[in-house]
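Q: Kindly generate the complete structure, drawing on both the sequences and the hints.
Here's the letter readout for the chains.
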Amino acid sequence: MNVMDPAAVTVPAAIRLRVVGVGKSFPGVRALDEVSLDVRQGEIHALVGENGAGKSTLMKILSGIYPAGTFDGSFSMDGVACLFRSVQDASRAGFAIVHQELSLAPELSVAENIFLGREPAGFMGNIRWTELFRQTRDLLDSLGLALDPARSAGSLGVGQQQMVEIAKALSHRAHILILDEPTAALTDAESEALFRILAALKSKGHSIIYISHRLEEVFRLADRITVMRDGRTVRSAATADWNENSVIGAMVGRDVSKLFPAGGRVAGSVALEVRNLEVSGSLHGGSKVTLKAYHGQVLGIAGLMGAGRTEMLATIFGASPWRGGEILVDGKPVTVRRPADAIAHGIAFVTEDRKSSGLLLEQSIVRNVTLPSLRRLSGRVFTDDARELRAAMPLYQSMRVKAPSPLVTAATLSGGNQQKVVLCKWLLTGPGILLLDEPTRGIDVGARQEIYAEIDKLARAGMAIVMVSSDLAEVLGMADRVLVMRDGGLAGEFTGSHANAHDVMACATGISRLQPPEPPGREAQ
Amino acid sequence: MTTARISPIPSRPAAPAARRVPLVSSRSFVIVLALLGMWAIFAYLTHGTFLSARNISNLSRQTAVTGILAIGMVMIIVTANIDLSVGSLVGLSGLVSVLTQTTLHWGLLPSLAAGLLAGLAVGLLQGTLVAYLRIPSFIVTLGGLLAWRGATKGASGGNTFPIKVESFRRIGQSYLSPEAGWILAIVTVVAIAVWTIRRRGSRSSLGLASWTPLETALRIIAPVLLVVGFIKALNSYAGVPVPVVILLFSLFAATVVMQNTRFGRHLYAIGGNVEAARLSGIDPRRNVLAAFCVMGALAAVAGTVYTARVGSASPDAGTLLELDAIAACVIGGASLAGGRGTVIGACLGALFMASLDNGMSLQNVPDFIQDIVKGFILVLAVGIDMVQRRSD
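Chains as they are written, first to last, in the working numbering: chain W, 1 to 525; chain D, 1 to 392.
Simulated from the structure, these hints should not be mistaken for lab results. Please read all numbers here as calculations on a predicted model, not as lab measurements. One or more hints might be untrue.
Stated by the list, open to error - Restricting the straight-line Cα-Cα distance to at most 20 Å, the calculated cross-link-like pairs of lysine to any residue (SDA-like) are:
1. W/288 / W/489
2. W/355 / D/284
3. W/355 / D/374
4. D/374 / D/362
Unchecked claim - Just a few of them, taken from the derived set where beta-carbon distance is under 8 Å, the chain W residues facing chain D:
5. 336
6. 339
7. 340
8. 351
9. 356
10. 357
11. 358
12. 362
13. 363
14. 371
15. 381
16. 382
Each residue gets a CB set at the ideal place from its N, CA and C atoms; glycine is no exception.
A: So, in structure tokens, the structure goes:
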């Protein structure tokens, strides 16, 4: 690898990776369409876009997770077409990816983690420990990392684990290093350390694809920025040719107004009030949240991943431990320490991941729908299948769940229909307050539209809806009022006509404080 | 298992021409077929001895202890837990009952209660450790397997104690009179018919595809023939053995609990998706604790039947029974990952294991070969199931 003088980078460097017309379809979804992209040698190339814009799908193609032949288009490295059949092929060709979720074996040492499966071994297969540690030492030194190779990975902080992941990626002699949201879990100091290493790698001629939501970082680090939206590359240009406004504009500039029902819902009384609620389990800790949600309206909660939105809903619902603060339902203080308390007070919670926390996949639709309402739908001792079916049937039909019968198992349904079943389940509890966490994640457009219409109908019928979503268009299209969360606390509030994608995104990313977290001009109060 | 598995019939309005899921997809039906096949082979090999009234009576008694344990075990397995201690608990509870008779001169009911309490106490302890202290059930009950066996050996001093109370012995060794047997048959038949017709009625009232008269008739006639044939065979020998009555009663009660009470439904929910269950307002800890208590009590019942059948309490009574019970559940379609399994499946699995034992013993197959065959069949049954599931 030729070491380049950092000063020479201003001269257009050789194109290392060229992606031409890549597309990828999943059943019912075109995840990527005509994606093209050039990454030069010794460049940090930022890839920016909303959740679901197709960044991860593209990375999975580059790193061989989706093998050649399962997608359209092509990509080449140094002019040689890449036809990977496996992750190993991609790794051998010099692609290395550091995923957002760390994947080190916590009980193994740093050295063992880095050379996992490739340990220097003697002819009997015995590991040559001295050699292993020496190589690790060299590698860590070259990155300027003062880590003990013999330390167990689990004893390291998140930031250091990230460094080990990067060292591991480089030990494969990677030419192209892909980092997916590397600073999401890092403190500021750890981020700084990471940036120094990236700068050093760049000066040694490595190419880095840097995926991040944090525009501040992107503008600081990147040589070029590519924005993706709805599976397409919107624009790819040198950082100097972008500004924060144009990046945000490119990220959110899409017209999906037809997807959403007309607004104009009138706020009723306060349904849910939260005062100084300590959000547990959040990365940032110690933040307190105060908010109100009104009957008859949708309250949207925007923010980046890890901003504490899910944790806030879980705390209100009693699914995460309560650490302090007050919850009032219809003006009366209530004690919520476990989900059963919340259900009893008419709060329902549709979680982000319907497979891991929403459904019993092996059970029938009816049994899923009646699970939280079983006490009400059964006698003193025995449950009553017919009564449950009678209770579930109207919702099952009005929600238009597409299934051969309400007695088939939930596992046989598509994502959209599974989500409808989860909605049915919570609506059957007769809630006054509906908490929705990413209600349309991974759902095709048709089912999304139906779910939006249902949410609108429920709000108009007087329900208070709190909807967390990473899809800005969705938040803006559905919500009467938008709260923005950042770092575990509230960062801003926007009402109706005042809400626009640009300001909300700016507030969520912490780019500008032009929009102060002022109290909203709520006319209906 | 869910209603859907029992009656996977599409609704009329949604899919008029939808294909019907074949009856064979029901796991219980597959085991019944396998059982019939195995019985035919053994009947042929033993020149009919296998299906003689005397042997059917033996076989049904052999099934009883494993069956009762499997009923409790399936409730544990459904919650994605396991109980390895039940074999030792059979020994311990039996010994407790007999010791209270010999040393304290207790009568039938107090000594039965003592054994039952021992089982319940162990279930309560193990359930608390699993549910509230989050110690894996495999570890807790592996410890139990060793500790309760050790306690049994210690308390017995290595000796075997014959039963003192004659009525206690009869629990394991006596038979219902033929008349009582027929009354049992009639009650069962009426119950099956009423239940089937009621379900048919509720299906049509809800707009679901109703069963055709032929289907309804089959759903009644097949089990009725089975019941009548079974009672007739047992009556022609000595009557229905009391352990079998206890098994059938446990089977009926546990099926109702698992299918038609909130407790049972909560167990399936916890094993199927503990997070979804928790968010639906279910307390997983309390329910898992209760399941372990039920298992402890059923292990004591099995211990009573076992001890009464053998006629004495010995230090190694019930050794390895936990493995038979687990195998029965798994052959009966339960998943060790939780959320799936039925009481009737577990009992059919127990009958399957007992039939293998019984048939091979009649053939004088050496013990070690019996073990090897049972091991193979267990793995084979689950292997076939996994392959089928993957192809679905």
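Q: Compare the structure with each hint and give your call.
A: Comparing the hints with the structure gives:
no. : hint          : in the structure
1   : W/288 / W/489 : holds, 6 Å
2   : W/355 / D/284 : holds, 18 Å
3   : W/355 / D/374 : violated, 37 Å
4   : D/374 / D/362 : holds, 15 Å
5   : 336           : violated, 12 Å
6   : 339           : holds, 5 Å
7   : 340           : holds, 4 Å
8   : 351           : holds, 7 Å
9   : 356           : holds, 6 Å
10  : 357           : holds, 4 Å
11  : 358           : holds, 6 Å
12  : 362           : holds, 5 Å
13  : 363           : holds, 5 Å
14  : 371           : holds, 5 Å
15  : 381           : holds, 6 Å
16  : 382           : holds, 5 Å
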